[in-house]
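Undergrad: Single-letter residue listing:
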Amino acid sequence: MTAREIVGELPVGGTEPLISSAVRWGDLLFLSGRAPIDTTTMKVVSTDFTEQGRNVLDQIMASLAEAGSGPEHVLRVQCYLLNADDFGAWNELWAEYFAAPRPVRTTIVTGFTIPGMLIEVEATAGIPG
Amino acid sequence: MTAREIVGELPVGGTEPLISSAVRWGDLLFLSGRAPIDTTTMKVVSTDFTEQGRNVLDQIMASLAEAGSGPEHVLRVQCYLLNADDFGAWNELWAEYFAAPRPVRTTIVTGFTIPGMLIEVEATAGIPG
Amino acid sequence: MTAREIVGELPVGGTEPLISSAVRWGDLLFLSGRAPIDTTTMKVVSTDFTEQGRNVLDQIMASLAEAGSGPEHVLRVQCYLLNADDFGAWNELWAEYFAAPRPVRTTIVTGFTIPGMLIEVEATAGIPG
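Protein chains in written order, with this note's numbering: chain A, 233 to 361; chain B, 233 to 361; chain C, 233 to 361.
Misleading hints may appear alongside valid ones.
You can't tell identical chains apart in this list, so a pair holds if it fits in one copy or across any two.
[Unchecked claim] Straight-line distance between alpha carbons at most 20 Å, and here's what the computed SDA-like set of lysine to any residue pairs gives:
no., residue 1, residue 2
1, Lys275, Gly302
2, Lys275, Asn315
3, Lys275, Phe319
4, Lys275, Gln291
5, Lys275, Ile346
6, Lys275, Leu325
7, Lys275, Asp317
Read the hints as simulated data drawn from the structure, not as lab findings.
Please read these numbers as outputs of a predicted model, since none were measured by experiment.
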């Protein structure tokens, strides 16, 4: 029987963990959207897009490793950008963090809940048996 | 052999059901994005964010129960807000409807297709065997 | 043991395939968000919403067929529109491409990374055994 398994939790605002960082269901792994914020101060880690992107992708890589997955098992990535002008820089980071053949991806332009955020990224992965 | 199973359908605009409210695939349950609208009139149920949020979360809880799932089996929630200022109120509702440990979550700021909508929420859940 | 299987790749900008068009994990199929663009020139295929929508849905139908799936096995569709005014036209295309009972769906209003894009659509499907 499959049961939900919490892989890690994210303190948001420094209080109780409001969300999980990752949840496992069978051989599927669902990650929370990762934001380039310091979860204690709720401020962005940098005003630079590439630094924000690296922070987010590093968080995702750490969560994948914690769950026994990894970038080569990522199935889908959803990326939210504040500015369409950052699409080129996002593609460069993407190609660096994920080797070919790469996951499926959707990138759209949206707003965010925390001032200064330029990117948020959500991943879905498989966990090899 | 796994087959797609429709759990419920949503009448939109009072005509034929344009979308399913929930679809089951094996032990996974996919819910439609739920909007705080009266599906007959296609008007929002309230101008108040918290009332809209409760409407949406109540719809989700009903769909989960109908499919033999429940909030403790929800894996991922994607939340779309019209105004970043509603993030605090959304976190309060979230903590009320989902007990710790909570699902993974992504919250972004977007527009909507129906005037007056302040929130839309989409859930993915497991169905315990 | 389940392993990630790339179903197809998308050349973006005419260079190496930056993303996969579809990825299979067990009996689940994840498609990239499909945009109404010519991947060689990175320009939109039309300025007309319905033509853009048909382009995107045709791409999705082709990917589903390539993977041994089809519209009747689609579980979830996420649709991103630039203009809320296109919601009616989107519903007409939706009803044409997907027969009842239909998948679950979420439609929100966002921006895009490529000028002129009016729609992007992402699908998740089952692959019948």
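Undergrad: Against the structure shown, which of the earlier numbered hints fail to hold, in ascending order?
TA: Structure breaks hints 1 and 6.
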